[in-house]
Amino acid sequence: MPYFALAVSTLALGSAAGLARHVALEGALRYPLGGWGAPLGIDLYVDGLAALALLMTGVVNWFIGLYATAYFADDRAGRYFWPLWLFLSGALNALFVSADLFNLYVTLELVGLASVALAALSGKGPALVASMRYLLVTLLGSLLYLMAVALLYAAYGALDIATVGARLQNEPVAWVAFALITVGMWLKIALFPLHFWLPPAHANAPGPVSALLSGLVVKAGFYLLLRFWIMLFPDTFDPRAGHVLGAFGVAAIIWGSLHALRQRRLKLLVAYSTVAQMGYLFLLFPLSFTVQGASAWSGVVLYMLAHAGAKAAMFMAASNLLLAYGHDRIDGLSGSAHIMPVTLFAFGLSGVTLMGLPPSGGFVAKWLLLSAAVEAQMWFYVGAIVLGGLLAAAYVFRVLRSASRIVPSTAAGTLAVRRLPRRLEWAPLVLAAVAAALGFYAVLPLELLEEAAPFTEVAP
Amino acid sequence: MLVGVALFSLGLHGLLAKAHLLHKVLGLNVMASGTFMVFIGAGARVPGVAPDPVPQAMVLTGIVVAVCTAAYALALTRRIRDVTGRTTLPGEHDTPPPPHRAARDY
Numbered sequence: 020m021p022y023f024a025l026a027v028s029t030l031a032l033g034s035a036a037g038l039a040r041h042v043a044l045e046g047a048l049r050y051p052l053g054g055w056g057a058p059l060g061i062d063l064y065v066d067g068l069a070a071l072a073l074l075m076t077g078v079v080n081w082f083i084g085l086y087a088t089a090y091f092a093d094d095r096a097g098r099y100f101w102p103l104w105l106f107l108s109g110a111l112n113a114l115f116v117s118a119d120l121f122n123l124y125v126t127l128e129l130v131g132l133a134s135v136a137l138a139a140l141s142g143k144g145p146a147l148v149a150s151m152r153y154l155l156v157t158l159l160g161s162l163l164y165l166m167a168v169a170l171l172y173a174a175y176g177a178l179d180i181a182t183v184g185a186r187l188q189n190e191p192v193a194w195v196a197f198a199l200i201t202v203g204m205w206l207k208i209a210l211f212p213l214h215f216w217l218p219p220a221h222a223n224a225p226g227p228v229s230a231l232l233s234g235l236v237v238k239a240g241f242y243l244l245l246r247f248w249i250m251l252f253p254d255t256f257d258p259r260a261g262h263v264l265g266a267f268g269v270a271a272i273i274w275g276s277l278h279a280l281r282q283r284r285l286k287l288l289v290a291y292s293t294v295a296q297m298g299y300l301f302l303l304f305p306l307s308f309t310v311q312g313a314s315a316w317s318g319v320v321l322y323m324l325a326h327a328g329a330k331a332a333m334f335m336a337a338s339n340l341l342l343a344y345g346h347d348r349i350d351g352l353s354g355s356a357h358i359m360p361v362t363l364f365a366f367g368l369s370g371v372t373l374m375g376l377p378p379s380g381g382f383v384a385k386w387l388l389l390s391a392a393v394e395a396q397m398w399f400y401v402g403a404i405v406l407g408g409l410l411a412a413a414y415v416f417r418v419l420r421s422a423s424r425i426v427p428s429t430a431a432g433t434l435a436v437r438r439l440p441r442r443l444e445w446a447p448l449v450l451a452a453v454a455a456a457l458g459f460y461a462v463l464p465l466e467l468l469e470e471a472a473p474f475t476e477v478a479p
Numbered sequence: 006m007l008v009g010v011a012l013f014s015l016g017l018h019g020l021l022a023k024a025h026l027l028h029k030v031l032g033l034n035v036m037a038s039g040t041f042m043v044f045i046g047a048g049a050r051v052p053g054v055a056p057d058p059v060p061q062a063m064v065l066t067g068i069v070v071a072v073c074t075a076a077y078a079l080a081l082t083r084r085i086r087d088v089t090g091r092t093t094l095p096g097e098h099d100t101p102p103p104p105h106r107a108a109r110d111y
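Which chain is which? The protein sequence lines are A and B, in order.
The first sequence runs 20 to 479 under the working numbering.
The second sequence runs 6 to 111 under the working numbering.
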């Protein structure tokens, strides 16, 4: 089963790459399923943004799969992991290519159910409680979304995103639908202050699952929000609404980072860092109205890609430490830099991307965001971006400092450390390297993104 | 459609205000039913004309999804009761349940 699933994932990655190439050469692709066409049938639609999201899923998923073949090698939970993993990747891919409001609802539920089942995989009390909370939150988010779809259909009589977008008026029904979608996705992305469910759910899941949830699943909600804010409702709403989201984004950056700094368990630290990093994505909404909207747009999408790779790698590295030491108390990881240099290097390298140090993908992304904020003279956001980077550095270095503390090799703690298979250590390292290398090749995704740029007219 | 919105709000209240997990799951189902009512209402707005069948197809799909999620949520609730002995989610200010009540609390 593991190798079959990995082979399927390789095929999916190959198809995503082929699709991206097609979009890059020939522009956005629309495929009417069964030849029915948009008003009644369900269309699939791939533009630059969708192609990038598919590629992101393909690459990150593949490394997580590789990691999982070793992680679940002698674990009963593995039997359930593989079908759920394929289910989740299928649902994610379906979500990214859907161009139909109701179809998006169904894929959203599929993603939610698969993720909750994965989060509950260990079957232990805290994991079950955390996934129950996750399930309630994700169902509530989907229902808010579904209500919005009902209102939009009642008002405009269409489900195809492009058709609804063309018929959309600036009127109360659109505002209510819009608010429902925003709050629903807000819950699913776990933006502050609706983040309460994320840290326990992500931290109590098995290693590969934490990586999936933090790296990919939260991005699904954000992708949907991007589609709606930028493509469906571009003229409908007030820039002030964008500032509300931006302010919560800033609060998330600061609140999440401070909490990450205070955690005593490594996986909780990484989970709170996800809460903080989701805040960056929300800076798009205020910045997209400025003259540098195009630059903010590219920055945020690039940040989404870099974060997916880096956070998945970081969770895998953290889970390695948990496996080897049998616990993940940060203070108790002394000497791990000497025992598991590859894992610690992977942790550090993904940390570099999250902090936004050059030459990583995170650096280019933050640079684009910063320049947009500076250009628009929104110093509030400039300060938040810089402060968030510093705080990220603080919590990453806190882990590295503890890990590189030298302990005498005869100490009892060192002897108890379990040796890990090489695949467990190298999968996160290579993925972290890919996320870091995104900085060198940032031009490629950005060019692909041109196929979906809503800001081409304001671009310099 | 108004009935749908009312049901939706009622379900939301149940989901947020009730502690028992069964109440929360039922609340979600009531919310889903409310949404379906809005869909049905959206399909039959002009009196005397046959209603638009598309919303009904969507409601059918929605019911399937709702049944699946409800089944899953109930299964998870049972499992939580078996493992932790309680049918509420522990809040941050909660005290743990007394040990003798374990596994019988429903």
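It is worth saying that the hints were derived from the structure and are not from the lab.
All figures in this text were calculated on a predicted structure; none of them were measured in a lab.
Note that CB positions come from ideal geometry on N, CA and C, so glycine has one too.
A hint or two may mislead.
[To be verified] From the structure, some residues in chain A lie toward chain B, with a derived Cβ separation under 10 Å:
no.	residue
1	L129
2	G131
3	L165
4	I249
[To be verified] From chain B, some residues computed to sit far from chain A (all C-beta separations above 12 Å):
no.	residue
5	P52
6	G53
7	A55
[Unchecked claim] Some chain A residues close to chain B (C-beta under 8 Å, calculated; not the full set):
no.	residue
8	A31
9	V78
10	W81
11	E128
12	L132
13	A139
14	G144
15	M166
16	A169
17	Y172
| query | Would the stated hint for Y172/A survive a check requiring a Cβ distance to chain B of less than 8 Å? | reply | Status holds, d = 5 Å.
| query | Can E128/A be said to touch chain B, with a Cβ gap under 8 Å? | reply | holds (5 Å)
| Given A169/A was flagged as interface, is its beta-carbon under 8 Å from a beta-carbon of chain B? | Because about 4 Å separates A169/A from the closest Cβ in chain B, which is inside the 8 Å limit, the hint holds.
| query | Is the shortest C-beta separation between V78/A and chain B less than 8 Å? | reply | violated (30 Å)
| field | Check on G53/B being off the interface with chain A, judged by Cβ distance over 12 Å | value | holds (18 Å)
| query | Any CB of chain B closer than 10 Å to the CB of L129/A? | reply | holds (9 Å)
| query | Hint check: is the beta carbon of G144/A less than 8 Å from a beta carbon of chain B? | reply | holds (5 Å)
| query | Is the shortest C-beta separation between G131/A and chain B less than 10 Å? | reply | For G131/A, the interface hint holds, since the closest Cβ of chain B sits about 8 Å away, which is under 10 Å.
| Quick one, is the W81/A hint okay against chain B at 8 Å, beta carbons? | violated (28 Å)
| Residue hint M166/A, partner chain B, criterion CB-CB below 8 Å | holds (5 Å)
| query | Should the label of P52/B as a non-interface residue stand, given a Cβ cut-off of 12 Å to chain A? | reply | holds (16 Å)
| When the nearest CB of chain B is found for A139/A, is that gap smaller than 8 Å? | holds (7 Å)
Violation of the numbered hints given earlier is confined to hints 4, 8, 9, 10; the remaining hints are satisfied by the structure.
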